[in-house]
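Q: Sequence:
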Amino acid sequence: MEYEWIGRVQPFLDEVSVTAGGNVHIGHFGGSSINGAQKNEDALFILQNEENSWTFCALLDAHNSSQSAELIIRLLNDNKDDLISIFNSNNAFLELEPYFLNKVMDAEFKDKCRNLTGETSCLFCFQRGAYLWWFSIGDCMALLFHPDLAKFNQYGLNQRQFYEWVGQVNTFDLSVPCYTAGRRQLRQGTNYIVLLTDGVLDTDDEFYSDYRNLYNAIVQGEDAEAGLRSIFDHLVKESARDSATLVCWKYLNKEQAQSPSDSDKLNDPA
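Here this note's numbering is used: position 24 in the sequence shown is 24, and no number is missing along the way.
Derived from the structure by calculation, the hints contain no laboratory data. Since the model is a prediction, treat every value here as computed from it, not as a measurement. All C-beta atoms, glycine included, are put in the ideal place defined by N, C-alpha and C. Mixed in with the good hints there might be a few duds.
[As the list claims (entries may be wrong)] Simulated pairs of lysine to any residue, SDA-like, Cα-Cα distance not exceeding 25 Å: (1) Lys237 - Asp223; (2) Lys254 - Lys237; (3) Lys250 - Asp204; (4) Lys250 - Asn153.
[Said to hold, decoys possible] Distance ranges between label pairs, derived from CB positions: (5) Ser89 - Lys237: 41 to 51 Å; (6) Gly189 - Ser33: 39 to 49 Å; (7) Asp204 - Phe162: 14 to 24 Å; (8) Gly156 - Thr190: 10 to 20 Å; (9) Asp262 - Asp204: 45 to 55 Å; (10) Cys178 - Lys112: 28 to 38 Å; (11) Leu252 - Phe93: 13 to 23 Å; (12) Phe93 - Asn23: 18 to 28 Å; (13) Asp262 - Lys112: 47 to 57 Å; (14) Lys80 - Ser263: 40 to 50 Å; (15) Gln154 - Asp262: 13 to 23 Å.
Throw the hints in and build the complete structure from the sequences for me.
A: Have a look at this one:
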C-alpha cells in the first residue's frame, strides 16, 4: 500500500476526511475558515508491504509555505526502492537512522533547503513485527497505545520540540544537529501506533493535549475508524483553526514482551 497526500493540493478546509489504506487509518481536517484557516501545509507519505508486516509513515507539518514538506515527499519518492530494501533487511532498525541522516545532511539537499520558503516539522516512523522506530524533528507527535503502558500514564514516544525544522531554517545547518530518534518494543497483544500534527492538540479546550482522551477515543471506542471520526468531530465542534492530520494503525504482537524479573510479585515495573 502506498499513500501520498499534500495539503496544499487537497486542503480539506472546513472538511473532515477519514479513510483507510491497508490497515492504516488516516484522518485530515484543514481547519475552520470561520476561525481564520486559509491553507493546509501538512503532508503525508505512507508505505506498507502487502503482508502488513511492516509500515512506514512520514508526517510533515510545514510553516510559512508547504515547499519544505513537498521537498521531503520528493526525497522519499526518489529513494523509495532503497527504503523498501532497508525495510525488508534484517538490520533495518540499525540502518534507518544513519540512512536518513546521510540524506538530510547531504550538501545538495541542504542547498535545496536554503532556497525554500518556510520549514517543516518532520516525523518518520517505521514498525515491523514487535518493534517500532521513530525519527523526529519538531512538534509532530508519535504515540504508542497499549493497556500495559496506559496504566502507568505512558502514551508518548517523543516530545514536542518547538524550535526544530527542516527547510529554510534547518536543524541540520547547526554545528550539532538536533533531533530525536528512538526504538520501542511493542507489548504483547494489540498495540496502536498513532501519529499526529499539533492541530489535533491545539484547540481552545486542549482536550486532546491529555493523551488519555486520545487513548479512550481510539482504543476504548468502537473501532479505530470510529475513534478517528470522534476526534475530528470534536475539532470541528471546537472550530479548530490549525490543520490536523492523524494516522493510526494497530499491530497484534504475539511475542512475549519484557517484564521485570519479579513481575509475579510486583505491579510496578520500575
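Q: Take the hints in turn and mark each one as holding or not.
A: Verification of the supplied hints:
1. Restraint check for Lys237 and Asp223: the C-alpha separation of about 21 Å stays at or below 25 Å, so the hint holds.
2. Among the hinted pairs, Lys254 with Lys237 is inconsistent with the structure: their alpha-carbon atoms are about 39 Å apart, more than 25 Å.
3. About 29 Å separates the Cα atoms of Lys250 and Asp204, which puts this hinted pair outside 25 Å; it is violated.
4. Proximity of Lys250 to Asn153 is assessed by CA-CA distance (about 19 Å); at most 25 Å being required, the pair is judged to hold.
5. Here the CB-CB span from Ser89 to Lys237 is close to 45 Å, well matched to the stated 41 to 51 Å.
6. Remark: the range hint 39 to 49 Å for Gly189 to Ser33 is upheld by a beta-carbon distance near 42 Å.
7. Here the CB-CB span from Asp204 to Phe162 is close to 19 Å, well matched to the stated 14 to 24 Å.
8. For Gly156 and Thr190, the Cβ-Cβ distance of about 19 Å falls inside the hinted range of 10 to 20 Å, so the restraint holds.
9. As the Cβ distance of Asp262 to Asp204 is approximately 46 Å, the hint placing it in 45 to 55 Å holds.
10. Cys178 and Lys112 have their C-beta atoms about 20 Å apart, which leaves the hinted 28 to 38 Å range violated.
11. Between Leu252 and Phe93 the beta carbons are some 20 Å apart, a value that agrees with the proposed interval 13 to 23 Å.
12. Separated by about 21 Å at the C-beta atoms, Phe93 and Asn23 satisfy the suggested range of 18 to 28 Å.
13. Our hint of 47 to 57 Å for Asp262 and Lys112 holds, since their Cβ atoms are close to 54 Å apart.
14. Checked against the given bound of 40 to 50 Å, the beta carbons of Lys80 and Ser263, roughly 42 Å apart, stay inside it.
15. Taking the beta carbon of each, Gln154 and Asp262 are about 20 Å apart, inside 13 to 23 Å as hinted.
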